[in-house]
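These protein sequences, in sequence, are chains A and B. Heads up, the first sequence is in the working numbering, so the first residue is 6 and it goes up one at a time. Heads up, the second sequence is in the working numbering, so the first residue is 6 and it goes up one at a time.
Worth flagging that the hints you see were computed from the coordinates, not collected in a lab.
Heads up, the list lumps identical chains together, so a pair's fine if it works in one copy or across two of them.
Calculated pairs, SDA-like style, for lysine to any residue (alpha carbon to alpha carbon, straight line, at most 20 Å): (1) K54 to A271; (2) K301 to P77; (3) K223 to K310; (4) K114 to P77; (5) K181 to K199; (6) K216 to F232; (7) K181 to R251; (8) K223 to R277; (9) K199 to I144; (10) K181 to A60; (11) K95 to S133; (12) K114 to H153; (13) K310 to G222; (14) K181 to G202; (15) K181 to P205; (16) K181 to P59; (17) K95 to A109; (18) K122 to V233; (19) K199 to A58; (20) K155 to A292; (21) K181 to E61.
Number of protein chains: 2
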Amino acid sequence: MRILLAACALAVASGASAQRPDPLPSWSDGAAKQGVVAFVMAVTDRRGKDYVAPAERIAVFDNDGTLWSEQPLYFQFVFMLDQVKAAAPKHPEWKNNPAFQALAKHDQKALAEMGQKPVLELRGQANSGMTVGEYDKTIRDWLATSRHPKFKRPYTDLVYKPMQELLAHLRANGFKTFIVSGGSVEFMRPWVEKAYGISPEQVVGSQQEVKFEMKDGKPVLVRGPNFVFMDDGPGKPVGIYRQIGRRPIAAFGNSDGDLQMLQFTAAGEGRRLALLVHHDDAEREFAYDRESHVGKLDRAWDEAKANNWIVVSMKSDWKRIFSFEK
Amino acid sequence: MRILLAACALAVASGASAQRPDPLPSWSDGAAKQGVVAFVMAVTDRRGKDYVAPAERIAVFDNDGTLWSEQPLYFQFVFMLDQVKAAAPKHPEWKNNPAFQALAKHDQKALAEMGQKPVLELRGQANSGMTVGEYDKTIRDWLATSRHPKFKRPYTDLVYKPMQELLAHLRANGFKTFIVSGGSVEFMRPWVEKAYGISPEQVVGSQQEVKFEMKDGKPVLVRGPNFVFMDDGPGKPVGIYRQIGRRPIAAFGNSDGDLQMLQFTAAGEGRRLALLVHHDDAEREFAYDRESHVGKLDRAWDEAKANNWIVVSMKSDWKRIFSFEK
Numbered sequence: 006m007r008i009l010l011a012a013c014a015l016a017v018a019s020g021a022s023a024q025r026p027d028p029l030p031s032w033s034d035g036a037a038k039q040g041v042v043a044f045v046m047a048v049t050d051r052r053g054k055d056y057v058a059p060a061e062r063i064a065v066f067d068n069d070g071t072l073w074s075e076q077p078l079y080f081q082f083v084f085m086l087d088q089v090k091a092a093a094p095k096h097p098e099w100k101n102n103p104a105f106q107a108l109a110k111h112d113q114k115a116l117a118e119m120g121q122k123p124v125l126e127l128r129g130q131a132n133s134g135m136t137v138g139e140y141d142k143t144i145r146d147w148l149a150t151s152r153h154p155k156f157k158r159p160y161t162d163l164v165y166k167p168m169q170e171l172l173a174h175l176r177a178n179g180f181k182t183f184i185v186s187g188g189s190v191e192f193m194r195p196w197v198e199k200a201y202g203i204s205p206e207q208v209v210g211s212q213q214e215v216k217f218e219m220k221d222g223k224p225v226l227v228r229g230p231n232f233v234f235m236d237d238g239p240g241k242p243v244g245i246y247r248q249i250g251r252r253p254i255a256a257f258g259n260s261d262g263d264l265q266m267l268q269f270t271a272a273g274e275g276r277r278l279a280l281l282v283h284h285d286d287a288e289r290e291f292a293y294d295r296e297s298h299v300g301k302l303d304r305a306w307d308e309a310k311a312n313n314w315i316v317v318s319m320k321s322d323w324k325r326i327f328s329f330e331k
Numbered sequence: 006m007r008i009l010l011a012a013c014a015l016a017v018a019s020g021a022s023a024q025r026p027d028p029l030p031s032w033s034d035g036a037a038k039q040g041v042v043a044f045v046m047a048v049t050d051r052r053g054k055d056y057v058a059p060a061e062r063i064a065v066f067d068n069d070g071t072l073w074s075e076q077p078l079y080f081q082f083v084f085m086l087d088q089v090k091a092a093a094p095k096h097p098e099w100k101n102n103p104a105f106q107a108l109a110k111h112d113q114k115a116l117a118e119m120g121q122k123p124v125l126e127l128r129g130q131a132n133s134g135m136t137v138g139e140y141d142k143t144i145r146d147w148l149a150t151s152r153h154p155k156f157k158r159p160y161t162d163l164v165y166k167p168m169q170e171l172l173a174h175l176r177a178n179g180f181k182t183f184i185v186s187g188g189s190v191e192f193m194r195p196w197v198e199k200a201y202g203i204s205p206e207q208v209v210g211s212q213q214e215v216k217f218e219m220k221d222g223k224p225v226l227v228r229g230p231n232f233v234f235m236d237d238g239p240g241k242p243v244g245i246y247r248q249i250g251r252r253p254i255a256a257f258g259n260s261d262g263d264l265q266m267l268q269f270t271a272a273g274e275g276r277r278l279a280l281l282v283h284h285d286d287a288e289r290e291f292a293y294d295r296e297s298h299v300g301k302l303d304r305a306w307d308e309a310k311a312n313n314w315i316v317v318s319m320k321s322d323w324k325r326i327f328s329f330e331k
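Looking at chain A on its own, in the form it has when it is part of the complex:
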């Protein structure tokens, strides 16, 4: 019945496409697209039982692996490697640090296994003392000059076209769209507005200490070495509560780090959308799930199956992954 309704909704949407172009042209006409379209129609139908007022139409998106690629290593990791290596001569004490040892040896497996935190801590020490403006410049410079090892393109080219369409479709229907990522806010804010149409204040992420100081008579914000908030796993609903202050009605993720955000979203009253992107296209992108060190999808996948969350197959549900594809 649910699928029938979704199909009807899609038929209605398709009927309307005589006037309006399909808002999700990179999506194949399968259950995933139908589910998304039906959800948006249901919560925006003023006369329907699932109607949600615009103010409550909050949609949250993981970034790494959900809106852009994350293999062979989180892109912010690659940035941090470069930054930490550059700062190493000033930090002889790092010699015995396991994260630094793994970095120096390019031991990507060890790095992926230890998670983002130890490297974020090294990064924190590396950029401590910079003003936020100086730090922002190091990120912009890195993004402008670095290239992805597989695609030989700027990392910011590796955003998913179907998700860009979905973000625009949600906003066209009165949604507010937020990123809720384990990455640091600083690494996302310089480019996500152009890439996704998401403004800096709608980015929730991990946070490093920052302090207000007067420097040569000018007020500046200076970075400290410590992490003050990890926006990953159970931290994601906390980050949402702190910064957004409302429970989302739609959540999009791709890995176990998104599980609690999806659970928290799905547990709200009324109609909800929970969606996982499954990386199953080794040819056009990467294929990985339960055994991966980066973007592991295991518990969240089981939960998705148990709760009828939408699971997107990148291979079959997305006609096109990147804008640069022919």
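Got chain A sorted already, so can you dock chain B onto it with the hints?
Frame of chain A, contents of chain B only:
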């Protein structure tokens, strides 16, 4: 010259009022109103040298004493007193706590002098273990039933009409408006959307620890006892950086707790607006500044004079303070 330009801008604005009503009818036609109107015209004039793109039109407002009253004691303090008193039987260890002693003795001077932090800490212990939903209900119930000692009205009636007009005027000109307050986010979010048109995600405030838990198979957020962020004084630019991620072009405050936010805003490149509300109307509201224990205005006032920030006299610049005035 600056004043002349402002006067011209106001004349142009007044000329337009043949078609459109004055957006700031509760403001007297003095230098404060002229300065605000001229600023908005300058940053929205596409052909002018001070033009600012809509995405960068960020305006930040202190809450207590800037958007609503704060005397004889911050309203959140009064809420916390009630909450802490109710929880006291469960916390015999509070007997030797100076903040609790001051609370028990109704020693408002001592309470005001010790600042918000010790009482916020007691409050944290009092509501620790509640889910965020349960805590939200205690706030809504308190706001619905409590009355201000001077005005005998709900506290949420004590919002300033001229500032409501200013918020609406800024938004009508493409600004995003944010609250940046020393108060806790939870205490503001339930009512500021209705009072000011500011949505929960545009509230920056002090933060208490919150943890994700599964409770009877349901995901919930539970309050912990510790404070994790004080959004006051030098914390305000930090809160802005964390949550908004852009430097505001306009900042509005009323006390020394807003000094760094005003400095940080004013120090940006291009045209900026920094404004202080001066409480000088004992009859219609309250009169206090350099010597006050609540909302002390001393250093920030000196800075305002030295830097030509706008200082609003509530007595002479505001024709009406509250909506309920005749």
